[in-house]
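Visitor: Listed below are the residues making up each chain.
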Amino acid sequence: MSRAYLNMGISEKIKDDLKNKIQRNLDRAYITRVLKILGTRPILSAYGSTFASESDKILNIASIKSLKNAYSGRYPVAYGSLFLPYEMIHALGLAPFLPEVMAGFTGGLGITDKTLKEAASKWYTPDLCTFHRSAAGAVELEIFPKPNFLLCANLACDAAQKTFYIDAVKYNIKDNYYLLEVPFTKDKTGIEYLANQIQNICEDIAKKTGKKLDMDKFSKTISLSNQFRHWAIKLNSIRKKLYNYPENFNGLNFILPFHGLAGTEDAVKVYRSMYFEFKKLLEVQDAAPKNKSKKRLLWLHLKPYYKNRIFNVLEENNYILGFEEINYVYWPELDTARPFESLAVKMLSHPLNGSIDNRICAIQNMVKDYNIDGAILFSHWGCRHSNGGARIIKDSLNKSGVPLLILDGDCLNKNNSSEGQMLTRLQGFIEIINSSYK
Amino acid sequence: MFTCGIDVGSVSAEAVILDKNNDKKKICAYIIAPTGGDSKEAALSVFNSALKKAGLQQQQIESVVATGYGRQNIPFANKNITEITCHARGVVDFFPQTRTVIDIGGQDSKVIKLDAGGNPLDFLMNDKCAAGTGRFLEVMSKALDINLENFSEIFKKTKDKVDISSTCTVFAESEIVSLIGHGADKNKIIKGLVYSITNRIISMVERIGLEEPVCMTGGVAKNMAVVEALSEKLEVKIYVPSEPQITGALGAAILAG
Chain X
1 MSRAYLNMGI SEKIKDDLKN KIQRNLDRAY ITRVLKILGT RPILSAYGST
51 FASESDKILN IASIKSLKNA YSGRYPVAYG SLFLPYEMIH ALGLAPFLPE
101 VMAGFTGGLG ITDKTLKEAA SKWYTPDLCT FHRSAAGAVE LEIFPKPNFL
151 LCANLACDAA QKTFYIDAVK YNIKDNYYLL EVPFTKDKTG IEYLANQIQN
201 ICEDIAKKTG KKLDMDKFSK TISLSNQFRH WAIKLNSIRK KLYNYPENFN
251 GLNFILPFHG LAGTEDAVKV YRSMYFEFKK LLEVQDAAPK NKSKKRLLWL
301 HLKPYYKNRI FNVLEENNYI LGFEEINYVY WPELDTARPF ESLAVKMLSH
351 PLNGSIDNRI CAIQNMVKDY NIDGAILFSH WGCRHSNGGA RIIKDSLNKS
401 GVPLLILDGD CLNKNNSSEG QMLTRLQGFI EIINSSYK
Chain A
1 MFTCGIDVGS VSAEAVILDK NNDKKKICAY IIAPTGGDSK EAALSVFNSA
51 LKKAGLQQQQ IESVVATGYG RQNIPFANKN ITEITCHARG VVDFFPQTRT
101 VIDIGGQDSK VIKLDAGGNP LDFLMNDKCA AGTGRFLEVM SKALDINLEN
151 FSEIFKKTKD KVDISSTCTV FAESEIVSLI GHGADKNKII KGLVYSITNR
201 IISMVERIGL EEPVCMTGGV AKNMAVVEAL SEKLEVKIYV PSEPQITGAL
251 GAAILAG
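Protein sequences, first through last, are from chains X and A. Under this note's numbering, residues 1 to 438 are what the first sequence spells out, in order. Under this note's numbering, residues 1 to 257 are what the second sequence spells out, in order.
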């Protein structure tokens, strides 16, 4: 048994132990204490040594550091919705906290039942997506850190702009709630309109935190964001040819670095180290080309974050995720001299903004670039921005000869779908793809 | 060569033993029995009964394929294949030209689209609720205290229907109890119920795209009221195998070869 394997076992044990403790002590003060201990240099170093790969280690340590900062009380905390340009939060020296992403952690921690129950008791309707409901419940239970600012956008998902406002009312900081109104078109007027909003918000937050807007810091953050983009593109280019991933790799686990860490050294380090690890794998694969027998799926939207057998079934049937929609680098290189405009362009370039044709065009590119045999759209309960276009996406892919499975389920609430039915659909889909290869 | 297909559903389990010694396949025996509370036990029981009926020993069976919701829980099966593929394969054996399969079982209903060669191209399944499944009809039959077998005759002879607005099985049951309490004609309620289940299936057929010929399988295909209502609403002839309930097990037995 290798040392890495043994260490991975220890890492799982530590995680399980922490999970149990947090389940028993669900409050902000306890989580702050745990993060304080976990975030000390010797513990972080010991924890880091339990990971099999350098990128895993960097990502896990960066996630803990980011959380520790948000809970420490030493920095102003900014709640951010998923599609926000986090570069602005980093450049302002705020500690970002992503309630939707952290709601995903509630699934992994096994506390979603509690957060959803709390949200229900506060009149959050059950047809609202569970990411937002679970986050709302965690805010109500005061599990999440207290925010100083709340920043959201109407890009793609419109739930955060409502739930964040409720959070702002709860903490009596309505003046610190900011909504970026993202226009549908990426033309000169749209860019200017959005860039002005970003600049105004940044100036207002800087004033409230007693600082001057540090344009050098903005420029540096944009530069780091470009470096992260550079390595993410290089990593993705390797994935176009790769059929064997590192053990435990799942491309659907990278929402935090891709969004929340954009503009930090950590994001650059994560993607750079992943690139070199994957490059090595490609070299091994090229030495034994027969390993290319696996079929490649494109995964659209997110996955269930509780324990499930979906990815085991894919592996058992010799399928891999050729690519995931959430890892698509959709924006151009940013201009360090024009940070607000650049961030506006980044937001406006998102395939979920504007017409459904934008998303379809991006998906078709991914199908072509990543040599895709079939696609799965995980239809997360209550997610209008993704599910609303499912039929048109299916028609478009079918025209290109790529079958699409619309897999109904819930990313967080395991009680909202039957695993048996989900696996039958998945296996049936695999059988259809396999029969077309006979 | 003998092969066996076993389909373990939520309501019934079926086993089909196929003789593939000749060029033409021949069903040697088939068994249909209630699944009960133990799907593993039900699978073993229908397997043994089918062997006995065919006059064969277990070692004479070359390969066993399991299908249905209990397919992963059958230790003596060599392989498991979903009911989507198995129903498609079984239907093609009965009606080779079939392009659309409507399968309504105890807890699942599905529509499968086939290509000209009989291969499944796409499918849709009901969501997690029991509406549009055999369970829905069973519950309503109990609420009305009228045997399911009589539904077909009642459907034929009754002109008007009482609309059932609830989709949910539990709500529909209380709606029926309430209708009976208000003196509604039970026959008209039955007609309404049949159209209710039919509407659920039609929406799936329309989503996947109707192509003829259409074939119906599963236990509910034995209920001619549902078959007739579907045929009337879809304006197509619906073919039903002589024993629609064994289609999945037959497909599994064919694929076991």
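Mixed in with the good hints, there may be bad ones.
[Unchecked claim] Pairwise CB distance ranges (calculated): (1) A:N199 - X:K170: 57 to 67 Å; (2) A:P75 - X:E247: 23 to 33 Å; (3) X:K279 - A:V236: 55 to 65 Å; (4) X:K240 - A:G55: 54 to 64 Å; (5) A:D127 - X:E247: 29 to 39 Å; (6) X:S418 - A:S49: 51 to 61 Å; (7) X:D127 - A:A33: 56 to 66 Å.
[As the list claims (entries may be wrong)] Derived DSS-like pairs: lysine-lysine, alpha-carbon spacing no greater than 30 Å straight-line: (8) X:K295 - A:K237; (9) X:K368 - A:K113; (10) X:K394 - A:K188; (11) X:K295 - X:K220; (12) X:K394 - A:K237; (13) X:K414 - A:K79; (14) X:K186 - X:K65.
[Claimed, not checked] According to the in silico footprint, chain X covers these stretches of chain A (three or more CB under 8 Å from chain X): (15) 55-66; (16) 83-91.
The set of hints was computed from the structure by calculation and includes no laboratory data. Just so it is clear, CB atoms sit at the ideal spot from N, CA and C, and this is done for glycine as well.
Visitor: Sort out which numbered hints this structure fails and list those numbers smallest first.
Guide: 1, 6, 7, 8, 10, 11, 14 and 15
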